[in-house]
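Kindly generate the complete structure, drawing on both the sequences and the hints.
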Amino acid sequence: MGLVIETYSRLADEYNDPQNLDSCWGAVAGYSLSLVTIEDRHKVVVDVGCGVGKELAHLASLHSPDVQFIGIEPATNMRKKAIERAAKYPNAQVLDGRFENLPLESESVDYLYSILAFHWTADPDKSVSELKRVLKPTGEMDLTFIGRHNGQEFIKTTTPVFFKYMTPAMMIRAASLRKQLTVEAARDLFGKVFGARGLTVTESYHTYQDTLERHWSWWVRIEGQLVDIPQTIREECNQAVKTAIAALETDAGIPYTVHLLHVKLRSYGTSE
Amino acid sequence: MDMQRQIARILTEKLNLKVPQVDTELIDTGILDSMGLIELLVHLEKEFGITISIEELEVDNFRSIVKIEEFVCGKSSTSARTGG
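If you read the sequences in order, they're chains L and R. One rule links them: number in our numbering = place in the first sequence (from 1) + 870. One rule links them: number in our numbering = place in the second sequence (from 1) + 263.
What the hints contain is simulated information worked out from the structure, not anything from laboratory work. No residue lacks a Cβ here, since even glycine has one placed at the ideal position from N, Cα and C. Be aware that one or more of the hints could be misleading.
What the simulated footprint calls covered on chain L by chain R, stretch by stretch (three residues with Cβ under 8 Å from a Cβ of chain R suffice, anywhere in the stretch; the number is not a length) [said to hold, decoys possible]:
#1 1030 to 1039
#2 1044 to 1053
Listed next, the in silico DMTMM-like pairs over lysine to aspartate or glutamate satisfying Cα-Cα at most 25 Å (straight line) [as the list claims (entries may be wrong)]:
#3 L:LYS1002 x L:GLU970
#4 L:LYS1049 x R:ASP286
#5 L:LYS1026 x R:GLU302
#6 L:LYS1062 x R:GLU302
#7 L:LYS1049 x R:GLU308
#8 L:LYS1002 x L:GLU1073
#9 R:LYS277 x R:GLU302
#10 R:LYS338 x R:GLU276
#11 R:LYS277 x L:ASP993
#12 L:LYS1026 x R:GLU288
#13 R:LYS309 x L:ASP1058
#14 L:LYS1062 x R:GLU276
#15 L:LYS1026 x R:ASP265
#16 L:LYS1034 x R:GLU321
#17 L:LYS1026 x R:ASP291
#18 L:LYS1049 x R:GLU310
#19 R:LYS281 x L:GLU1054
#20 L:LYS924 x L:ASP1012
#21 L:LYS1026 x R:GLU321
#22 L:LYS996 x R:GLU321
#23 R:LYS281 x R:GLU321
#24 L:LYS1049 x R:GLU321
#25 L:LYS1034 x R:GLU288
#26 L:LYS1034 x R:GLU310
#27 L:LYS1112 x L:GLU970
#28 L:LYS1049 x R:GLU302
#29 L:LYS996 x R:GLU302
#30 L:LYS1026 x L:GLU1106
#31 R:LYS277 x L:ASP995
#32 L:LYS1026 x R:ASP286
#33 R:LYS277 x L:GLU1073
#34 R:LYS309 x L:ASP995
#35 L:LYS1112 x R:GLU288
#36 L:LYS1034 x R:GLU319
#37 L:LYS1026 x R:ASP323
#38 R:LYS277 x L:ASP1058
#39 L:LYS1034 x R:ASP286
#40 L:LYS1002 x L:GLU977
See the structure below:
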């Protein structure tokens, strides 16, 4: 199991914590969910990286039982929670899998969505090929994931701190866990597999102001886990990072800007 | 094109960074982040024909365009000596 999947598996219990749902990530997940467009013609709907299954269960509750919902989640503890949640809906199931290896038949999916997960893929090219393989030729898709310019306020202020505690090799290994693409790179990546017809890749920026404590609670839980620092200096580094983030405070709060990419695939001639 | 201008061009055109001077501090100012460092290494390897092992990197090698130039020159002369 990779470090990212392991970390998320460990965090399963805290994921629905109100503090997490109310954070900037809860808000971006809500915005992403609003982009999900399930039409009457969609009979097989897939959520890749469904986490604890919140969105999957919500959508299954809104649609008729003849629409089959399949959640896919690689982190064991997250998946267990998603399975429990989906159990209420006879038309929903949750499977073990990941973008790079989807446990689905070829050309079997009418609509596929994913909320804030694609940036964790270990192999973007293989993942896009898998998406193409499982979607029907008329299949449609909405993926949202963070882009290259995500969290610039925090990055600018914390990078010099990390360089004091980590070697460039450690920094590079931590940064390599995530594939943060520019909108142009995402267009190339998806365009070379899906072609231009019906495909749009757009970017948006969402700035959230929050208190130090509330930003810190998600930061240390997720980002902090991925930073490979010896235990002996971890506390000192955390404190220095916290001080750097605190210095961003204005009257409105501490800003964090999410750079969100949206890959939208529509079957030609069926909508918009 | 001299090496400093070539490095400046990578930083501005490929990485979209604003670097006013060859001695502008890149790390302490937060201009170069860890993803930027990865992108920079890829371009340095490609443009200067050098091979960089991440384990050998020192943060001081990337503090400015001048420092990056010294690093690339050191790599080039090592490559020439070892024939690789």
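Going down the list of hints, with the structure as the test:
Judged by the Cβ-Cβ criterion of 8 Å, the region 1030 to 1039 of chain L is covered by chain R as claimed, because 6 of its residues qualify and three suffice. By the rule of at least three residues with a Cβ nearer than 8 Å to a Cβ of chain R, the coverage given for the region 1044 to 1053 of chain L holds, with 4 such residues. Between L:LYS1002 and L:GLU970 the alpha-carbon distance is near 11 Å, which keeps this suggested pair within the 25 Å criterion. Restraint check for L:LYS1049 and R:ASP286: the C-alpha separation of about 30 Å exceeds 25 Å, so the hint is violated.
A C-alpha spacing of about 16 Å is found between L:LYS1026 and R:GLU302, which places the hinted pair at or below 25 Å, so the restraint holds. For the hint pairing L:LYS1062 with R:GLU302, the CA-to-CA distance comes to about 22 Å; that is within 25 Å, so the pair holds. About 20 Å separates the Cα atoms of L:LYS1049 and R:GLU308, which keeps this hinted pair within 25 Å; it holds. Among the hinted pairs, L:LYS1002 with L:GLU1073 is consistent with the structure: their alpha-carbon atoms are about 22 Å apart, no more than 25 Å.
At roughly 8 Å between alpha-carbon atoms, R:LYS277 and R:GLU302 fall within 25 Å of each other, so this suggested pair holds. For the suggested pair R:LYS338 and R:GLU276, the alpha carbons sit about 23 Å apart, so the restraint of at most 25 Å is met. For the given pair, R:LYS277 sits about 22 Å from L:ASP993 by alpha-carbon distance, which is consistent with the 25 Å threshold. Taken as a hint, the L:LYS1026 and R:GLU288 pair is honoured in the structure, with Cα atoms around 13 Å apart against an allowance of 25 Å.
Among the hinted pairs, R:LYS309 with L:ASP1058 is consistent with the structure: their alpha-carbon atoms are about 20 Å apart, no more than 25 Å. Taken as a hint, the L:LYS1062 and R:GLU276 pair is honoured in the structure, with Cα atoms around 24 Å apart against an allowance of 25 Å. Our distance criterion of 25 Å between C-alpha atoms is broken by L:LYS1026 and R:ASP265, whose separation comes to about 29 Å. Pair hint L:LYS1034 plus R:GLU321 holds up; C-alpha atoms about 11 Å apart against a cutoff of 25 Å.
Restraint check: the Cα-Cα separation between L:LYS1026 and R:ASP291 comes to about 9 Å, which is no more than 25 Å; the hinted pair holds. Taking the CA atoms of L:LYS1049 and R:GLU310, the gap is near 23 Å; set against the 25 Å cutoff, the hint holds. Only pairs whose Cα atoms come within 25 Å are accepted, and R:LYS281 paired with L:GLU1054 is accepted, the gap being roughly 20 Å. For the suggested pair L:LYS924 and L:ASP1012, the alpha carbons sit about 17 Å apart, so the restraint of at most 25 Å is met.
Pair hint L:LYS1026 plus R:GLU321 holds up; C-alpha atoms about 19 Å apart against a cutoff of 25 Å. A hinted pair counts as satisfied when its Cα atoms are at most 25 Å apart, and L:LYS996 with R:GLU321 does not qualify at roughly 33 Å. With a C-alpha separation of about 22 Å, the suggested pairing of R:LYS281 with R:GLU321 holds against the 25 Å cut-off. For the hint linking L:LYS1049 to R:GLU321, the alpha-carbon distance of about 24 Å falls within 25 Å, and the restraint holds.
In summary, the hint linking L:LYS1034 to R:GLU288 is supported, as the alpha carbons are separated by about 15 Å, within the 25 Å threshold. Note on L:LYS1034 and R:GLU310: the hinted pairing is violated, with a Cα-Cα distance of about 29 Å set against a maximum of 25 Å. Taken as a hint, the L:LYS1112 and L:GLU970 pair is broken in the structure, with Cα atoms around 35 Å apart against an allowance of 25 Å. Taking the CA atoms of L:LYS1049 and R:GLU302, the gap is about 12 Å. The hint holds against a cut of 25 Å.
A C-alpha spacing of about 21 Å is found between L:LYS996 and R:GLU302, which places the hinted pair at or below 25 Å, so the restraint holds. Between L:LYS1026 and L:GLU1106 the CA atoms are separated by roughly 19 Å; this keeps the pair inside 25 Å, and the hint holds. Simply put, R:LYS277 and L:ASP995 have alpha-carbon atoms about 22 Å apart, close enough for the 25 Å limit, and the pair holds. Between the alpha carbons of L:LYS1026 and R:ASP286 the distance comes to roughly 19 Å, so the proposed pair stays at or under 25 Å and holds.
Restraint check for R:LYS277 and L:GLU1073: the C-alpha separation of about 19 Å stays at or below 25 Å, so the hint holds. Taken as a hint, the R:LYS309 and L:ASP995 pair is honoured in the structure, with Cα atoms around 21 Å apart against an allowance of 25 Å. Under the criterion of a C-alpha separation no larger than 25 Å, the hint pairing L:LYS1112 with R:GLU288 is consistent with the structure, at around 23 Å. Distance check on the hinted pair: L:LYS1034 and R:GLU319 sit about 16 Å apart at the alpha-carbon level, within 25 Å; holds.
Pair hint L:LYS1026 plus R:ASP323 holds up; C-alpha atoms about 18 Å apart against a cutoff of 25 Å. Proposed proximity of R:LYS277 and L:ASP1058 is supported: the alpha carbons are some 16 Å apart, at most 25 Å. Between L:LYS1034 and R:ASP286 the alpha-carbon distance is near 20 Å, which keeps this suggested pair within the 25 Å criterion. Restraint check: the Cα-Cα separation between L:LYS1002 and L:GLU977 comes to about 8 Å, which is no more than 25 Å; the hinted pair holds.
Checked against the numbered hints above, the structure breaks hints 4, 15, 22, 26, 27 and satisfies the rest.
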